[in-house]
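Generate the whole structure from the sequences, applying the supplied hints.
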Amino acid sequence: MDPERKKVLERVAVSTFPDEVLERVLVQLKSHKDRSSVSLVCHSWYDAERFSRTHVFIANCYSVTPEIVSRRFPNIRSVSLKGKPRFSDFNLVPPKWGADIRSWLVMFAAKYPFLEELRLKRMTVTDESLEFLALSCPNFKGLSLLSCDGFSTDGLAAIATHCKNLTELDIQENDLNDKSGSWLSCFPENFSSLEVLNFANLSNDVNFEALERLVSRCKSLKVLKVNRNITLEQLPRLLIHAPLLTELGTGSFLQEHPACQYSELENAFNKCMNLNTLSGLSEVTALSLPALYPTCANLTFLNLSCAALQSGELAKLLVHCPCLRRLWVLDTVEDKGLEAVGSNCPLLEELRVFPTDPFDEDTFHGVTESGFIAVSYGCRRLSYVLYFCRQMTNAAVETIVQNCPDFTHFRLCIMNPWQPDYQTNEPMDKAFCAVVKTCTRLQRLAVSGLLTDLTFEYIGKYAKNLETLSVAFAGSSDWGMQCVLGGCPKLRKLEIRDCPFGNAALLSGLDKYESMRSLWMSGCKVTMNGCRLLAKEMPRLNVEVIKVDGSNESQADKVYVYRSVAGPRRDAPPFVLTL
Amino acid sequence: MELQLGLALPVHSPLKLKGFDLNDHEVEVLNEPVASEPWSYSSGCLKGEKWVKNKRSSEEAFGDLPQITTFPLTLWNGQPNEDDDRKGEKKPHILDKKEEEENHVVGWPPIKSWRVKQLHQHHDHDQSGQINNADRTSAHHQRSSTGTGSSNSLYVKVKMKGVAIARKIDLRLYDSYQALTNSLITMFPNGRQNIDNDCASYALTYQDKDGDWLLAGDVPWQTFTESVQRLEILRNVDG
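Line by line, the protein sequences are chains A and B. Per my numbering: the first sequence = residues 158 to 736. Per my numbering: the second sequence = residues 20 to 258.
It cannot be assumed that every hint is accurate.
[As the list claims (entries may be wrong)] Straight-line Cα separation of at most 25 Å, SDA-like style, residue types lysine to any residue; simulated pairs:
hint	chain 1	residue 1	chain 2	residue 2
1	B	K131	A	E506
2	B	K131	A	D514
3	B	K136	A	N361
4	B	K131	A	R509
5	B	K136	A	L543
6	B	K131	A	S436
7	B	K187	A	G469
8	B	K136	A	T283
9	B	K136	A	D335
[To be verified] Across the chosen pairs, the derived CB separations fall in these ranges:
hint	chain 1	residue 1	chain 2	residue 2	range
10	B	D189	A	N427	36 to 42 Å
11	A	D728	B	Q241	46 to 52 Å
12	B	N201	A	A552	47 to 53 Å
13	A	S237	B	D189	48 to 54 Å
14	A	S337	B	N201	43 to 49 Å
15	B	S246	A	N386	22 to 28 Å
[Claimed, not checked] Some chain A residues flagged as far from chain B (calculated, every beta-carbon gap over 10 Å):
hint	residue
16	L186
17	L292
18	I397
19	S420
20	N455
Calculated from the structure, these hints are not laboratory results. For glycine and all other residues, C-beta sits at the position ideal for the given N, C-alpha and C.
Dropping the structure here:
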């Protein structure tokens with residue numbers, strides 16, 4: 158036995174709770190929050206917890222080093238890592254900023270050779286890294302890459318070639334170099350362990366026959382999400398081999414030849430009675446949509462965000478989806494479509510409405526406040542909303558939260574910055590005041606529209622459970638941000654862009670930042686001196702300024718502040734200044 | 020009458036909106052648009068001036084708000100004559116070469132880049148022609164094609180600067196720039212007081228696949244039809 162462990166056990170022998178029993182109990186704990194709490198109880202519990210932990214979730218890859226992690230947790234089988242700040246999704250973080258998985262993989266190869274799962278979000282991953290991973294961890298089972306960059310389909314080929322026990326390959330929303338679809342053909346002919354395959358976002362053709370064979374071999378396949386190059390004619394040939402599918406992402410849903418294929422499609426979908434999640438459906442038309450109806454009875458998650466449905470089409474579809482809990486749509490469905498949502502989906506908990514013409518303010522289609530109101534009347538259990546629109550009123554939001562007081566995630570994006578209530582011409586303060594006052598369980602909030610400091614006063618005062626706040630083009634003065642930092646006891650992530658908050662606001666959070674995961678401020682009025690002062694006062698924070706070309710020397714264009722036990726980054730590129 | 024909600028916003032400006040000092044930013048007006056460069060025009064509306072107050076002036080609504088540069092909704096009632104010298108130009112297509120996307124406030128609205136790409140593809144290959152043609156009442160989608168393989172129609176939106184009503188035309192009906200411009204002349208009213216009836220004083224511009232505004236006529240007709248997304252007729256004030 159590891160001598161260190163022996164010492165621990167000897168120490169624990171005097172306690173009333175045998176270590177082995179404690180560990181057996183703790184192994185059941187999955188939530189990392191619970192595990193954190195457990196580890197704080199006492200030394201013996203700390204040790205028991207660290208030996209029994211098999212999954213580690215690192216929300217900011219720079220908050221800790223691979224060495225620290227491997228020292229504390231020797232038995233990890235599964236790692237989740239997040240890298241870049243969220244605003245990198247919207248091009249606010251320059252390329253080559255960092256969050257490279259490489260140094261972590263080196264540690265994994267040495268300390269966790271039995272690693273089974275790796276889930277990365279907003280990390281930079283190279284093809285070499287993927288190959289290194291595949292070769293270093295023979296037991297590797299599950300790879301999930303979300304919003305990552307730096308790799309190409311060659312890296313996927315390496316994974317397919319070498320990971321003999323792969324059960325999950327989930328490639329989502331990445332900025333990858335899609336060279337060809339040949340990676341799929343790299344799965345060996347006897348390979349059959351895949352349970353999850355998601356390549357919906359890749360754009361090159363894969364060899365369909367190879368895919369068909371792969372699907373028929375993998376008898377445990379539960380999740381299949383193909384890219385839009387897979388046609389409606391090809392889809393049934395996949396579905397008949399995958400009767401256990403619970404999640405399906407189709408390719409193109411465009412019928413090339415109306416008559417003959419329809420029955421084949423209908424039959425295929427008739428067999429898919431275990432589906433609870435459906436996505437894809439690009440280029441769907443009213444002709445092909447009805448083929449789905451039989452399979453919709455048990456659907457809980459319908460992702461139509463790649464399918465430009467009209468209101469009538471959506472209405473007809475939703476009649477068949479009484480069990481829906483999550484719905485994502487494009488705003489082509491318009492308010493009328495949302496009325497249909499309200500009428501047909503009483504169990505709905507999550508709604509996301511994405512814009513089809515976000516950059517063209519000529520559009521006077523899309524959704525308005527009426528659609529949102531209609532949903533709120535019909536879907537009283539709504540707790541998660543992401544809503545892109547061009548007009549909103551305070552009264553509408555007040556009504557909405559009255560109907561649905563259980564919001565945990567309220568993300569409203571009025572797409573035109575600084576836009577007031579279009580009926581009263583007032584700021585949208587009242588709207589968000591209503592949200593934070595009424596929705597006591599609110600965890601995540603994104604505000605938009607014309608907002609004064611009053612909104613932030615209310616947020617600070619009432620949003621007791623708020624963990625994530627996203628602010629853009631809002632506020633009148635430092636006071637707004639000060640209110641948020643002075644209130645919101647559970648705040649963990651604060652991301653701000655283009656607001657009139659300066660050094661006074663930044664420095665008012667001195668006491669708070671160590672209890673937060675991170676702060677992002679870009680396009681605000683913070684200066685280098687303000688950042689230096691923050692860095693000086695709070696040595697356990699990493700205060701990083703991203704310098705933008707051509708900007709004023711004394712302005713801190715983009716500021717990223719986060720707590721870390723790892724000290725300053727050692728891999729920062731030249732445009733990232735650590736203060 | 021087409022009501023258009025438009026916003027005179029920096030959404031289409033190269034301003035990075037730092038420090039809100041919009042007054043600092045000059046806006047270039049190119050006199051001679053060259054095919055390979057983005058066409059930009061603006062009547063200098065951003066220089067040191069507040070946005071034009073329209074019916075819904077934010078300043079009137081809350082006069083004592085500190086230093087908020089608000090952007091009133093420009094609600095047109097369709098009177099063409101009102102619009103001659105509008106400073107709050109509804110759609111100042113000021114393009115910054117550095118910007119990767121059409122949109123010119125970086126990262127706004129906050130939509131992930133893969134979705135943006137998909138939207139562009141969607142606009143290019145809008146193949147749900149049957150439904151779209153039936154239900155579309157506006158120029159929401161610039162292109163629509165019936166059928167699956169080759170399209171038999173190629174609708175693009177055409178606007179004339181200063182005219183509230185936009186048109187949609189099928190480019191497949193024309194085989195040359197001359198044919199197109201002849202048709203356009205008949206489509207748009209040119210009986211307004213201040214306008215030259217001489218068509219040489221108009222410039223036909225188009226937005227291509229990359230989002231750049233170019234002067235029509237420089238590339239072969241076929242190339243043009245493959246890349247044009249929308250058209251705009253401008254009065255060529257520099258003659």
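- prompt: Against which earlier hints does the structure fall short, listed by number upward?
  reply: The structure breaks none of the hints.
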